[in-house]
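Student: Sequence:
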Amino acid sequence: MSTNKDSEAQYEQVLHDGEEYHSLFDTQAYLKEYYRSDLPHIGYVENRDESKLFTYRALSGVKGEMVLDLGSGPSINNHISAANWFNELIFSDFTASNREALQKWKDGEMDVFDWDPAFKHVAGLEGDEIMWETDKENFRKKMTDIYACDVRKDNPLHPVICEPFDCVTSFFCLEQACGDGTDFEQVIKNVSSLLKDGGVLILGNVLDETRYKIGGVWFRTLGVGKETIIKGVEKAGLRDIKWYSCQTPEVQFSDATDMYVLVARK
Numbered sequence: 001m002s003t004n005k006d007s008e009a010q011y012e013q014v015l016h017d018g019e020e021y022h023s024l025f026d027t028q029a030y031l032k033e034y035y036r037s038d039l040p041h042i043g044y045v046e047n048r049d050e051s052k053l054f055t056y057r058a059l060s061g062v063k064g065e066m067v068l069d070l071g072s073g074p075s076i077n078n079h080i081s082a083a084n085w086f087n088e089l090i091f092s093d094f095t096a097s098n099r100e101a102l103q104k105w106k107d108g109e110m111d112v113f114d115w116d117p118a119f120k121h122v123a124g125l126e127g128d129e130i131m132w133e134t135d136k137e138n139f140r141k142k143m144t145d146i147y148a149c150d151v152r153k154d155n156p157l158h159p160v161i162c163e164p165f166d167c168v169t170s171f172f173c174l175e176q177a178c179g180d181g182t183d184f185e186q187v188i189k190n191v192s193s194l195l196k197d198g199g200v201l202i203l204g205n206v207l208d209e210t211r212y213k214i215g216g217v218w219f220r221t222l223g224v225g226k227e228t229i230i231k232g233v234e235k236a237g238l239r240d241i242k243w244y245s246c247q248t249p250e251v252q253f254s255d256a257t258d259m260y261v262l263v264a265r266k
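Residue numbers (full-length UniProt numbering): 1 to 266.
Calculated from the structure, these hints are not laboratory results. A few of these clues could be false.
The calculated lysine-lysine pairs, modelled on DSS-like cross-linking and capped at a C-alpha distance of 30 Å, are [stated by the list, open to error]:
#1 K142 - K196
#2 K32 - K142
#3 K231 - K63
#4 K231 - K196
#5 K266 - K141
#6 K104 - K120
#7 K104 - K153
#8 K266 - K196
#9 K213 - K226
#10 K63 - K104
#11 K213 - K189
#12 K63 - K120
#13 K196 - K141
#14 K142 - K104
#15 K106 - K213
#16 K242 - K120
#17 K196 - K235
#18 K106 - K196
#19 K226 - K266
#20 K104 - K32
#21 K142 - K189
Derived Cβ-Cβ restraints for the label pairs, each shown as a range [as the list claims (entries may be wrong)]:
#22 N155 - A96: 11 to 21 Å
#23 A96 - D154: 16 to 26 Å
#24 D107 - K226: 34 to 44 Å
Just so you know, even glycine gets a beta-carbon here, dropped at the ideal spot from N, CA and C.
Given the sequences, and given the hints that come with them, work out the whole structure.
Tutor: Here is the structure:
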């Protein structure tokens with residue numbers, strides 16, 4: 001005779017992917033479980049200070065007119081410092097609910113996720129924490145567009161056609177969109193095609209993750225290691241590859257090992 005515990009365990013083994021994101025990805029649960037300010041960790045990084053420094057260092061010194069983030073989810077967290085170095089910040093996501101959350105924050109609506117602690121922290125890293133509110137409004141002004149995207153397409157922004165970007169970023173997205181190594185290599189080619197010559201690609205994710213959970217729903221992801229990622233970036237024609245990594249905490253929502261950020265130039 002099966003028990004409720006047996007049913008729960010069986011349910012947790014069902015992994016979802018692809019088009020199921022449209023109906024099963026819970027935007028509010030994701031923000032609450034991964035980003036709220038009272039958590040001891042932020043996402044996959046155990047120390048909140050280390051998390052901010054991690055992406056801040058990767059973005060530091062990368063400058064230009066436009067930066068595109070692919071697969072933003074409902075989060076602006078990784079790009080707060082980018083407003084200092086780019087005039088236009090373009091976000092994108094596969095699911096309508098995530099794009100709606102970004103748009104509501106951009107429009108200054110009241111019932112939205114509170115990113116103020118993140119702005120305060122980044123302002124502190126930059127040496128002037130009292131300027132965080134000015135930084136936030138500057139960020140909103142530079143947040144020009146929010147597009148639908150699908151990194152599996154040759155043009156991930158289809159049907160939108162944009163001028164090549166100075167920088168393209170993608171955090172916690174590409175591996176989640178792939179079924180195997182061949183898919184992964186193609187997705188990197190698709191993403192890097194949006195860069196201008198000399199443009200910078202910044203990728204961030206976790207290593208060896210096969211599943212992660214949001215709001216009780218488990219999603220499938222492609223577990224890859226450092227060598228596979230670098231090989232895919234090289235095959236896409238990128239160079240000057242830099243690799244940053246840090247250990248992830250033991251968490252119940254993922255089987256990941258380390259977190260990484262890769263920076264490369266087209």
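Student: Would you mind confirming whether the straight-line C-alpha gap from K63 to K104 stays at or under 30 Å?
Tutor: holds (27 Å)
Student: Can you confirm whether the C-alpha distance between K196 and K141 stays at or below 30 Å?
Tutor: holds (24 Å)
Student: Between the alpha carbons of K104 and K153, is the straight-line distance 30 Å or under?
Tutor: holds (27 Å)
Student: Is the Cα-Cα distance between K104 and K32 30 Å or less?
Tutor: holds (17 Å)
Student: Given a hinted range of 11 to 21 Å, is it respected by the beta-carbon distance of N155 and A96?
Tutor: Given about 19 Å between the Cβ atoms, the range holds.
Student: Take a look at whether the Cβ-Cβ distance between A96 and D154 falls inside 16 to 26 Å.
Tutor: Because 22 Å falls inside the window, the suggested range holds.
Student: So if I understand the rule, the pair passes when the alpha-carbon distance is 30 Å or less; does K142 with K189 pass?
Tutor: Holds, at about 27 Å.
Student: Is K196 within 30 Å of K235, Cα to Cα?
Tutor: Measuring from Cα to Cα gives roughly 17 Å; hence the hint holds.
Student: Below or equal to 30 Å on CA atoms is what counts here, so check K63 against K120.
Tutor: Satisfied, since the Cα-Cα distance of roughly 22 Å is no more than 30 Å.
Student: Given the hinted pair K213 and K189, is their Cα-Cα distance within 30 Å?
Tutor: holds (28 Å)
Student: Holds or violated: K266 with K196, Cα cutoff 30 Å?
Tutor: Holds - the C-alpha atoms of K196 and K266 are around 7 Å apart, at most 30 Å.
Student: Would the pair K231 and K196 pass a check requiring their Cα atoms to be no farther apart than 30 Å?
Tutor: holds (21 Å)
In the structure shown, no violation is registered for any of the earlier numbered hints.
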